[in-house]
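Enquirer: Line by line, the protein sequences are chains A and B.
With positions in the first sequence counted from 1, the corresponding number in our numbering is that position plus 33.
With positions in the second sequence counted from 1, the corresponding number in our numbering is that position plus 910.
Quick caveat, the hints were computed from the structure, so don't treat them as lab data.
List of simulated lysine-lysine pairs, DSS-like, C-alpha gap at most 30 angstroms:
| # | chain 1 | residue 1 | chain 2 | residue 2 |
| --- | --- | --- | --- | --- |
| 1 | B | Lys1294 | B | Lys1050 |
| 2 | B | Lys1097 | B | Lys1399 |
| 3 | B | Lys999 | A | Lys151 |
| 4 | B | Lys999 | A | Lys166 |
| 5 | B | Lys1329 | B | Lys1408 |
| 6 | B | Lys1298 | B | Lys1342 |
| 7 | A | Lys135 | B | Lys999 |
| 8 | A | Lys173 | B | Lys999 |
| 9 | B | Lys1121 | B | Lys1097 |
| 10 | A | Lys180 | B | Lys999 |
| 11 | A | Lys165 | B | Lys999 |
| 12 | B | Lys1342 | B | Lys1111 |
| 13 | A | Lys205 | B | Lys999 |
| 14 | B | Lys1028 | A | Lys205 |
| 15 | B | Lys1297 | B | Lys1097 |
| 16 | A | Lys151 | A | Lys205 |
Computed from a predicted model, the values in this text were never measured in an experiment.
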Amino acid sequence: MAGENSTIARPYAEAVFGRASDSDKLDHWSDALGLLAAIVQDERVAAAISNPKVEGDQRISLMLDICGKHLDAEGQNLVRLLVRNDRLSILPEIASIYEGLKNESQGNLDVQIVSAYKMTKAQEGSLATALKKRLGREIKMTSEIDKDLIGGVIIRAGDLVIDGSVQGRLRKLATELGI
Amino acid sequence: MQLNPSEISDLIKSQIEKYEPETEARTEGTIVSLTDGIARIHGLADAMSYEMLEFPGNTYGLALNLERDSVGAVVLGSYTHLSEGDSVKCTGRVLEVPVGEGLLGRVVDSLGQPLDGKGAIEAATTKPIEEIAPGVIARKSVDEPVQTGLKAIDAMVPVGRGQRELIIGDRQTGKSAIAIDAIINQKGTGVKCIYVAVGQKASTIAQVVRKLEEHGALDHTIIVAASAADSAALQFIAPYSGATMGEYFRDRGEDALIIYDDLTKQAWAYRQVSLLLRRPPGREAYPGDVFYLHSRLLERASRISAEHVEKITNGEVKGKTGSLTAFPIIETQGGDVSAFVPTNVISITDGQIFLEADLFNAGIRPAINAGLSVSRVGGAAQTKIIKKLGGGTRLVLAQYRELAAFAQFASDLDEATRKQLERGERVTELMKQAQYSPLSVAEMAVSLFAANEGYLDDVEVSQIVAFESSLHSYMKSNQQALSEEINAKADYNDEVVKSLHDAIKDFKANHTW
Chain A
34 MAGENSTIAR PYAEAVFGRA SDSDKLDHWS DALGLLAAIV QDERVAAAIS NPKVEGDQRI
94 SLMLDICGKH LDAEGQNLVR LLVRNDRLSI LPEIASIYEG LKNESQGNLD VQIVSAYKMT
154 KAQEGSLATA LKKRLGREIK MTSEIDKDLI GGVIIRAGDL VIDGSVQGRL RKLATELGI
Chain B
911 MQLNPSEISD LIKSQIEKYE PETEARTEGT IVSLTDGIAR IHGLADAMSY EMLEFPGNTY
971 GLALNLERDS VGAVVLGSYT HLSEGDSVKC TGRVLEVPVG EGLLGRVVDS LGQPLDGKGA
1031 IEAATTKPIE EIAPGVIARK SVDEPVQTGL KAIDAMVPVG RGQRELIIGD RQTGKSAIAI
1091 DAIINQKGTG VKCIYVAVGQ KASTIAQVVR KLEEHGALDH TIIVAASAAD SAALQFIAPY
1151 SGATMGEYFR DRGEDALIIY DDLTKQAWAY RQVSLLLRRP PGREAYPGDV FYLHSRLLER
1211 ASRISAEHVE KITNGEVKGK TGSLTAFPII ETQGGDVSAF VPTNVISITD GQIFLEADLF
1271 NAGIRPAINA GLSVSRVGGA AQTKIIKKLG GGTRLVLAQY RELAAFAQFA SDLDEATRKQ
1331 LERGERVTEL MKQAQYSPLS VAEMAVSLFA ANEGYLDDVE VSQIVAFESS LHSYMKSNQQ
1391 ALSEEINAKA DYNDEVVKSL HDAIKDFKAN HTW
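Isolated chain A (complex conformation):
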């Protein structure tokens, strides 16, 4: 369950974040965790690290070999620690919690915008200013297009969802009418 995994991943992510902000290497660690998360999500690697026949040392060398020179000494230490605790599989959660902590400390927020049609630069700009004012943070926008919305946009910022789509309105109308 996702809930349980994030409970386990949180202390690791907080520790990495603490270390990263102490040594002022926030972006560096962000890249490293992203890389590690991508590696363990690869099917072949996932099979290897969950295979009980592959022993701890082999796993460490496997991971370090794949990363090669992209990982510094502290990054390698994290891999060793995770292998020893048998927690390699939660690396993606660690990475996502780390990103959350990093964004929070920098006052940033990832915002996902889903729209029915591609938005113009001017629309994106005005949306960004409006959101910045509403949420009181710097925002990083990623946009996506979903024709099913018919019209309007859905804005997702963490748990908060602002639904201004025609699809959402229709659904609300349906609930109101009891159909």
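Model the placement of chain B on the given structure of chain A, informed by the hints.
Expert: Showing chain B alone in chain A's frame:
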């Protein structure tokens, strides 16, 4: 009448014009797991305790467990159309039910939705199901009676308006029957009744509804039904919904009576929900807060002062106190009152009516055990005449029980003991009362008076029931004025005593039974 097609489309048109849904900004989460009606939801960081959550497909849930990364929620109703990965929204509201006069005469579920096919409910407003009970200042002491119409209860364990009186006993001892009789007897008194059926067979609930209808008692009654087939969540919230509907009347300066039938099953439902939410089990596998489950519910039954009523109604209702009387019902297993839930509820309530299977089987119905049944506050509320006449009944019955056990071994008894035994036998017989036949204050008074003054001593024990019913019909036809006076004033004075003596003497001399 033919419907004009343009009329309908005009209506729809105006509704379409008016209908303007706001762009909603709500917190959203995802279902991570769904087992036995319990959904674990990831996200929903802003969810509040007991908040209503919106699931897809017009389904609602209740957020019960708030954890760091997830929310444990119980789905209200069917959950088969939900699946892992569905999104769940916060509504920012706690669970509310409709309240008001429009609910009277209706059968509704725990959420206040009609079950009787009589159309939509015209509710005055909606109110949250969990309300904090009135505080110390808002309350007033209990000093008006609730007449149940049962001699044994009104004479020995009187109940006042705003009291919580527990009805406890094994299965099949007539617990619900007492409650139904009490509802029937409220006809014409202005007391609104709410019958909350928890975890009962739907057929039993249908039977109760039919009986109430037959006796013309449905018009002042709301039935909240969460049958055994409904989800545990609905069974667990049903009493709170009922209490909210009752509080509406209490807060408007009226009197209401609520019956929770029964709280044992509600505790079972809550235990199920708690265990599925992985809350740690305690004694008998109940969760740690099962006492609070019942105490906060029963605390809402109260009598509130006229000033408080005036304050909550913004001066609309003046000089009227409000009350909500509760009759919680608890089913024991093999007469064991020291099990967890029975002891809890006994300690919360203001007294109990204890029903025994042995008495029931011996034909003493209602099967009230006079020794163990008590009312801690009702005495202050009892009508004057019944208080005076019924005061000795308890004592006579208690002494009779003791003597009867002892007399089994004795061959010959002295005169005093024999007299006491005979009196006890007759009073026991007199306390019997058929179902669905509540008595008025005057009828009760004349029966008790006859027993107290020794008018029953020369009546065969087997004839007592016949004697009583003939006496009541005599009072109805020949002593109408006296009956009416007692019913209206309920005073006990020399004049009334003399009239009663004359009436019974006349009956015994000139009538048969």
